[in-house]
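So you can see what is in the structure, the chains are spelled out below.
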Amino acid sequence: MAGRFAKTPHVARKEIAESIARGIFGLMSAAMILPLVLIVGYLVVRAWPVLSWEFLLDVPKRGMTDGGIWPAFVGTLYLVGISLLVSTPIGVLAAIYLNEYAKDNWFNRLVNLAVINLAGVPSIVHALFGLGAFVYAARFGYSILSASLTLAIMTLPVIIASTREALASVPMAFREACWNVGATRWQTVRAVVLPNSISGILTGVILQVSRAAGETAPVMFTGAVFFKAVERGDLFPYGLTDQCMALSMHLYTLATQVPNVKEALPYATAVVLLGSVLLVNATAIFVRIWLRNRKKW
Amino acid sequence: MTESPTPSANDIVKEVEVSGLRLAYGGKEVLHGISFDVYRNEILAVIGPAQSGKTSMLRCLNRTIDFTASASVSGSVKVGGEDVRKMSDVFALRRRIGMVAPLPTGLPLSIYDNVAFAPRCSGVTRKADLEPVVEKCLRQAALWDEVKDRLDSLGTALSGGQQQRLTIARALSHRPEILCLDEFSIAIDPVTTMRIEDVLKELREEITIILVTNLTQQARRLSDRTMFLLEGEIVEIDATDVIYSGDAKSEKTRDYVNGVFG
Amino acid sequence: MSAEPRARTARAVRPRAAVLAEKALEAVIRLSGVSAIVFVAAIFFFVLREAAPVLFSEGFSLKQFLFSTEWYPTSATNVRYGTFALTVGTVSVTALAMVLAVPFGLGAAIFLSEFCSPRVRETLKVVIELLSAIPSVVWGFVGLTVMSKLIVSATGAPVGVNVLNGGIILALMSVPVIVSIGEDALKAVPDSFREAGVALGATRWQLVYRVLLPAAKNGLLAAVLLGVGRAVGETMAVLMATGHAVHIPGSLLDSVRTLTANIAAELGEAPSGSDHYRVLFLTGTLLFLITLVVNLTADFVVRGIRRK
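Chains as they are written, first to last, in the numbering used here: chain A, 1 to 297; chain B, 1 to 262; chain C, 1 to 308.
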């Protein structure tokens, strides 16, 4: 029935264009989900024959062609843990400086640019820096210490960015209320700003863990090695100045350097690495959602 | 500016002396050299339409203007005879001035901690010292009876009117000599407003109050003297009776209090 | 008459130790704040320091380093350090990655910001976050195993690790960056623009095409630039997925080597202090400068909009 509000051909054309556009953009978005699902699915299927707790806890055997990944897994734990100990305090304090103390002047704009650039420096350049600065100049040698410090500097921008975002989400009115009763900047930060942004900071720390765990190039030339003999399931096999194995590098080694590896072995290593990283990230996402729902204002 | 009569004309003590105060944000001047005094234990109402520089003036008083990087201040503001811009301990200055912002702002802390915050910042940490202060301030702000059983609950969870009284309690917690209220009633209901007005009438016995408001009738109800600020300049400052009696010197003042503009 | 020039009421005083502790802490905060500058400068300094001796040594020509395609670092008789083929490798893989990633990235950004419901948006953002969390070595492994098999069976190419493989992997890695920055740029367009468009009877697509894209132009450009920065700097994935041939690719199915992959592949074998080792550091300096320029440009472009 052609009433006053019936579609003219022009409007009908517009609506078709609209649904085509929506469809195309929707497909483009779906094209991002697909690889994630396919990749994870494929890797898990191929890894299935060897995936078990035993694979995680066992040491590599027969010239790394068989066995498990324990030395690499625990090595990654060491690298990530130590880098975290270094970069978390520096990153959180730097974010507090940038968000709470820094006035808007040329110097602090320079600091901001430096943070942005630090995030953009290629990982292989971080590796060169770690080699030149920590291994040689500081004489830490090829060691867990050198590799962790390199990772720490590399992941610093992650924690600065997320902490800043968390601090900035605390309303300005709270700060003004504190200043009005004579609180210093630090008293304000300590009493009101930090307690209410701790969730965001936590998320940043978790993201930093996942970023550091996956990095290969920066540890490959500063402290991670192809093979290191470690007892099965030993939690404390390494010292600060030792070299260690790392999960990410172990995957690279298995995939490209070792001949005749049992077929499922690199897949299983990839699944453990990818699984750990995604698990850590998912935790961060849940923490964020959970804390968003119990905001105090 | 002529000296104006006050209720206790014989022993006037000037609590705040402002002279030639200029303030500019970037290149834009918002206060064009204003001068006035506030007497001890009076209520001075500051009226004027929005954008007249009322809030900016208060921020010069306790130097929270320092947090705005683009602001530049000249002229002098004396509190208790001391030039605020020459004070080394700006935090001590802010503790001598209670400041209540337009929007009720309960901090995301417990009610108790909201009020105990300022004393703690200034070094009072013993529970025995804090508890009487918290109770006294909450009583002064007419909030004690409503919250005395739930001092542990969040200050941000109170209603708007309660939060504004909490803000007043917090502003009183560091025993200020001057209490500044910046349009305290714009976000709360009329009943709560009347309760707070009663609170202010009692407080004037022991404290000097500067009441910034755009409700001319509120200024009339409460204040001893009224200052009319328009576009960064003082049009008139005089006893409230004079300002509202139709005898105000400036035609602008008469028009403003009669609601012709603003 | 003025009031007596001091506070009327006696006041509590903060303990001196507390005041000093606060001062010390604030000093540490300021120090951490400027640490980012120190680190960026240190990276440049230490990388250049290792490279400097060769840069000023006799027989080394910067022109040859930049524009020669001859890379024979370990040759006994005819040592050559020309990185041009590597640069072309980087450019070709990055360009292919951008050709694939930019339409998908911006399309997804538009879908996220304008077309989908909040629920779908939240889900998609989680997916994007997870996608960007996949370590580059895993991407490289995927390229080496899955993608190369697919490419061999689809095109009949003799090897599956080549420009195409690296480009697809890099595209998948860059898409999350482009989507999230692009979505921010679109979100930054004031709602009043959208309301005005809707009031004039525009459909959403017309709104996107005529109003949002022009308004968010700079932000979207910055998103693409950051995607480029990510792709140029990527190391492990291209190392594993592009093959190892140092030559100028003739087609998508040729193997290449990039600047980053070259460092990763050879640093372990170059004796510390040798010319070869120093030239690799010089390549690192070059990469540092390239990404510096890309990132600064992106930041400048974004700030350009904020000024307006």
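Simulated from the structure, these hints should not be mistaken for laboratory data. Every value quoted in this text rests on a predicted model; they were computed, and no experiment measured them. Cβ coordinates follow ideal geometry from the N, Cα and C atoms, glycine included. Keep in mind that the hints are not guaranteed to be accurate.
[To be verified] For the chain C half of the interface with chain B, some residues (derived, Cβ under 10 Å), not all of them:
1) 13
2) 15
3) 49
4) 53
Can you give the numbers of the hints that this structure goes against, from lowest to highest? 3, 4
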